[in-house]
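*Asks:* Required output: the full structure, derived from the provided sequences and hints.
Protein chains in written order, with this note's numbering: chain F, 1 to 114; chain D, 1 to 111.
One or more hints might be untrue.
Stated by the list, open to error - Pairs of lysine-lysine, PhoX-like flavour, derived with a Cα cap of 20 Å:
hint : chain 1 : residue 1 : chain 2 : residue 2
1    : D       : K79       : D       : K45
2    : F       : K57       : F       : K70
3    : D       : K45       : F       : K9
4    : F       : K71       : F       : K57
5    : F       : K9        : D       : K79
Stated by the list, open to error - Per label pair, the in silico range of CB-to-CB distance:
hint : chain 1 : residue 1 : chain 2 : residue 2 : range
6    : D       : N22       : F       : D38       : 34 to 42 Å
7    : D       : L74       : F       : G3        : 28 to 36 Å
8    : D       : H110      : F       : D62       : 39 to 47 Å
9    : D       : K42       : F       : E52       : 43 to 51 Å
10   : D       : L46       : F       : E59       : 17 to 25 Å
11   : D       : P8        : F       : P107      : 19 to 27 Å
12   : F       : T102      : D       : E3        : 20 to 28 Å
13   : F       : G16       : D       : R76       : 46 to 54 Å
14   : D       : I108      : F       : G16       : 38 to 46 Å
15   : F       : T5        : D       : S81       : 34 to 42 Å
16   : F       : Q17       : D       : Q31       : 23 to 31 Å
Bear in mind the hints are in silico, worked out from the structure with no lab data behind them. Every residue, glycine too, gets a C-beta built ideally from N, C-alpha and C.
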Amino acid sequence: NAGVTQTPKFRVLKTGQSMTLLCAQDMNHEYMYWYRQDPGMGLRLIHYSVGEGTTAKGEVPDGYNVSRLKKQNFLLGLESAAPSQTSVYFCASSFNGVGGNTQYFGPGTRLTVL
Amino acid sequence: RKEVEQDPGPFNVPEGATVAFNCTYSNSASQSFFWYRQDCRKEPKLLMSVYSSGNEDGRFTAQLNRASQYISLLIRDSKLSDSATYLCVVNEAGGSYIPTFGRGTSLIVHP
Chain F
1 NAGVTQTPKF
11 RVLKTGQSMT
21 LLCAQDMNHE
31 YMYWYRQDPG
41 MGLRLIHYSV
51 GEGTTAKGEV
61 PDGYNVSRLK
71 KQNFLLGLES
81 AAPSQTSVYF
91 CASSFNGVGG
101 NTQYFGPGTR
111 LTVL
Chain D
1 RKEVEQDPGP
11 FNVPEGATVA
21 FNCTYSNSAS
31 QSFFWYRQDC
41 RKEPKLLMSV
51 YSSGNEDGRF
61 TAQLNRASQY
71 ISLLIRDSKL
81 SDSATYLCVV
91 NEAGGSYIPT
101 FGRGTSLIVH
111 P
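*Replies:* Spelled out as structure tokens, the structure:
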């Protein structure tokens, strides 16, 4: 049982390049989330999904797109990377969003945009 | 915008000390509350849920004060290994229960 995994762990991009971050969970969770974490800013929700085939915007969605084609995978795309997107990206999943369900986080992806 | 506020610290305490953190939330309809722990350059992990009646897990005690809209975390007999950032998390009632994270409180326990 691997829990939540993220690939890649590190990436350096040039401004304008595109990339996709992959999140996978093997816990049969319905809800999945993408966060970014910047120094002094805490975790900010980018997009989330409440089930296969659904996505919704979080607090800071601009510049990102997501897809949830399979229940176990949640992809985060950057179409045209900007230096402001330099951050640590965490994926998380939970059984559902109700009440006391715990979020399980992946180890993070450290992205630098030059 | 709904807010979850924490004192960023750092709280610098000696081993064996007792330390307490507070977290305030702005949405009175908030329904569930948690404390997560995040080690440096690692992902957040659940420390404990916070129940209305208060709850304890070993050296850790969490309490909820709905009237004043805050939750607290008390750590007794601090260990060096308790050094980390502690994140307060609040789930709103209704809708899809998407959680809101505080920015975290940094704790440094020194010998």
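*Asks:* Against each hint, give a clear statement of whether it holds in the structure.
*Replies:* Taking the hints in turn, this is what the structure says about them:
Between D:K79 and D:K45 the CA atoms are separated by roughly 18 Å; this keeps the pair inside 20 Å, and the hint holds. Restraint check for F:K57 and F:K70: satisfied, since their Cα atoms lie roughly 18 Å apart, inside the 20 Å limit. Of the supplied pair hints, the one linking D:K45 and F:K9 holds, its CA atoms being roughly 18 Å apart against a limit of 20 Å. With a CA separation close to 18 Å, the supplied pair F:K71 and F:K57 stays within the 20 Å bound.
For the proposed pair F:K9 and D:K79, the alpha carbon gap of about 30 Å is over 20 Å, so the pair is violated. Between D:N22 and F:D38 the Cβ separation comes to about 23 Å, which falls outside the hinted range of 34 to 42 Å. The given range of 28 to 36 Å is respected by D:L74 and F:G3, whose C-beta atoms sit roughly 29 Å from each other. The supplied range of 39 to 47 Å is met by D:H110 and F:D62, whose beta-carbon atoms lie about 42 Å from each other.
Under the hint 43 to 51 Å, the C-beta atoms of D:K42 and F:E52, about 29 Å apart, miss the expected range. About 21 Å separates the C-beta atoms of D:L46 and F:E59, a value consistent with the hinted range of 17 to 25 Å. As the Cβ distance of D:P8 to F:P107 is approximately 24 Å, the hint placing it in 19 to 27 Å holds. Between F:T102 and D:E3 the beta carbon distance is about 23 Å. The supplied range of 20 to 28 Å therefore holds.
Distance hint for F:G16 and D:R76: a CB-CB separation of about 52 Å, consistent with the stated range 46 to 54 Å. For the pair D:I108 and F:G16, the beta carbons lie near 40 Å from each other, so the given range of 38 to 46 Å is met. A beta carbon spacing of about 26 Å between F:T5 and D:S81 contradicts the range 34 to 42 Å that was offered as a hint. Checking the proposed 23 to 31 Å range against F:Q17 and D:Q31 shows it is violated: the Cβ atoms sit about 41 Å from each other.
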